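Engineer: As they're listed, the protein sequences go chains A and B. Each residue of the first sequence is one higher than the one before, counting from 1 in the UniProt record's numbering. Each residue of the second sequence is one higher than the one before, counting from 1 in the UniProt record's numbering.
No lab work stands behind these hints, which were simulated from the structure alone. Just so you know, not all the hints are guaranteed correct.
[To be verified] Below, a list of computed lysine-lysine pairs in the DSS-like style, where the Cα atoms sit at most 25 angstroms apart:
| # | chain 1 | residue 1 | chain 2 | residue 2 |
| --- | --- | --- | --- | --- |
| 1 | A | 82 | A | 205 |
| 2 | A | 219 | B | 174 |
| 3 | A | 148 | A | 82 |
| 4 | A | 219 | A | 205 |
| 5 | B | 45 | A | 205 |
| 6 | B | 59 | B | 190 |
[Unchecked claim] Across the chosen pairs, the derived CB separations fall in these ranges:
| # | chain 1 | residue 1 | chain 2 | residue 2 | range |
| --- | --- | --- | --- | --- | --- |
| 7 | A | 240 | B | 166 | 42 to 48 angstroms |
| 8 | A | 219 | B | 40 | 17 to 23 angstroms |
| 9 | A | 223 | B | 80 | 51 to 57 angstroms |
| 10 | A | 296 | B | 234 | 57 to 63 angstroms |
| 11 | B | 82 | A | 173 | 24 to 30 angstroms |
| 12 | B | 218 | A | 225 | 31 to 37 angstroms |
[Stated by the list, open to error] Covered by chain A, according to a simulated footprint, are these stretches of chain B (three or more residues, beta-carbon under 8 angstroms):
| # | region |
| --- | --- |
| 13 | 29-39 |
| 14 | 78-91 |
| 15 | 174-184 |
| 16 | 222-233 |
Remember, it's a predicted structure, so these values are computed and weren't measured experimentally. Glycine is no exception: its CB is placed at the ideal position from the N, C-alpha and C atoms.
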Amino acid sequence: MNVIQIKNPGPMMTVQDLGRPGMLHAGVSRCGPMDTPSFRLANALVGNAEECSAIEFAMFGGTFVASSPVRIAVTGGMVDVKIDGMTVSPWESHWLQPQSQLTIGAMKGAVWGYLAISGGLNVPETLGSRSTHIRTGLGGLDGRCLQKDDIIELGEAIAAPLMVQSHPRIFNGDVIRVVPGPQADYFDDEAWQIFLGQPFTISAKRDRMAQSLEGPQLKAARGHDIVSDGTVFGSMQVPGSGQPLVLMAERQTTGGYPKIATVATVDLPKFAQTPTGASVRFVSISAEEAEDLLIADRQAIKASLAALAKKPDPAG
Amino acid sequence: MKLKLFDKLRKGSAASGQRGQLTARFLPCGDSAIAVELASEIDEKANQQVIVLAEDLSKRPIEGIEEVIPTYRSLLVLYDPAVIRGQKLIEALQGRLDKLVVSDAQTRHFSIPVLYGHEAGLDLEVMAEMKGVTPEEIISLHSLAEYRVYMIGFAPGFAYLGGLPEILHTPRLKEPRQHIQAGSIGIGGKQGNINSVACPSGWRFLGRTPLKLFDPTREEPFLLQAGDTVTFRPIEREEALELDAAVARGETGVEASIK
């Protein structure tokens, strides 16, 4: 049995796969990665099928040892990665030999990191997915964050060359595009002018479920309570405090606060990866524009997955 | 009285047939979801329409719809814009609404055993005091009403109930409690609920059911779905302990009856 051992875990480190769709009607969160394109790239770099699970962490990676030779790749942002003290690059795959120590440092200018290991993590599926939902203790390893000395069985690896993503993704500027609604009409012109005219700061109150923003207060002219309705990844709730709260990967399925807007799917990875204390500005686009951007972005991601370059492999 | 009112409502909506009468608002929720809103407030008829629309879409899928979330008065439709664009989807959904027949479809009914009071009935005494009645009267008021599962939301299998008798309407606590056990039977404002998981809550709690509304290891992980009806059956501690044991063995502990 091939395993990976967590010698020292980073914060909020969980097993994730592409998520648990299909049960929102039963109250089950879709879960999955905070930054799906980075997650997919990590899996592709080690030759994993897209449904394989990988490790997600916040801010800081940790230390890992494998029991047999595996390919590993770290993505999400720029980060110091070392194998037995030797610096190796993120956004490409490397061999990790048994007894060798993999050390992943702090994320630079990003928040969520991904460690993919060839074969994926062989934790049991819960309701059709290996994704960890921390709040309800579903999936992953015993439904919880990974801890020091956890040992996780690895799946069967597919033979594949080492690969490199030659053009790691860079996010430019501080603009996050949003589609107004579903409760756009709960907010008057003044609130809309503030929302689209002033910067908001990414608060330290953030986890896999929600991301709080700090800035000018947004007052809902029609009140801050609605009859609870469904939520999506990127729903921008405005509770009575007037400080928007953006629902993220581990969001609850329904909510009772008015939602001024929804972050365009294409900008969700950028929003999730914006460091705490940085500011963002919201720009309104139509649902049609957001659909166009999403369709184009999916093509671009597909192309970048297909265009991964082979590396010379020292292990042959 | 309450029961009769419910029967009347249900028969009323069946008789009128409600064809082509639905006015919906289609609210964009970004680039991959649209909320079909059928009322602005909590309303049994709108909730029935939401559930019938969800069933219609499940029986005759529109290509590109990934899944739906039925809630009190709206249906959230999640779609893949690479398969169907939002504008086309709105037209298709309006087409479905125009032909939707909200009739008296068969509903599942559950009689949920409840151990009122004891450790989980945190607010039974206080509520009796607030209403100027005895705890026994609170129990009979709560257990004589019939409830409708308006929505499963917030957490896996977590049931929101309509049909709470007016005398039991009670505002939520100012300070939520940090830990409410799974199976707790609660009241928040005009709504009732059954907790499916342990969680913090500002609702008032009258007791607990030994039944598990959510068990991921069970063949059918979810006990209730939106549109089901529920009544509560007061039980004694002895029966609660027996049911606890049966549920721990993986049994659901209850059978649905079809109405």
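Engineer: Check each numbered hint from earlier against the structure, then list the numbers of those it violates in ascending order.
Structural biologist: As far as the earlier hints go, 1, 5, 6, 7, 9, 15 are violated by this structure, in ascending order.
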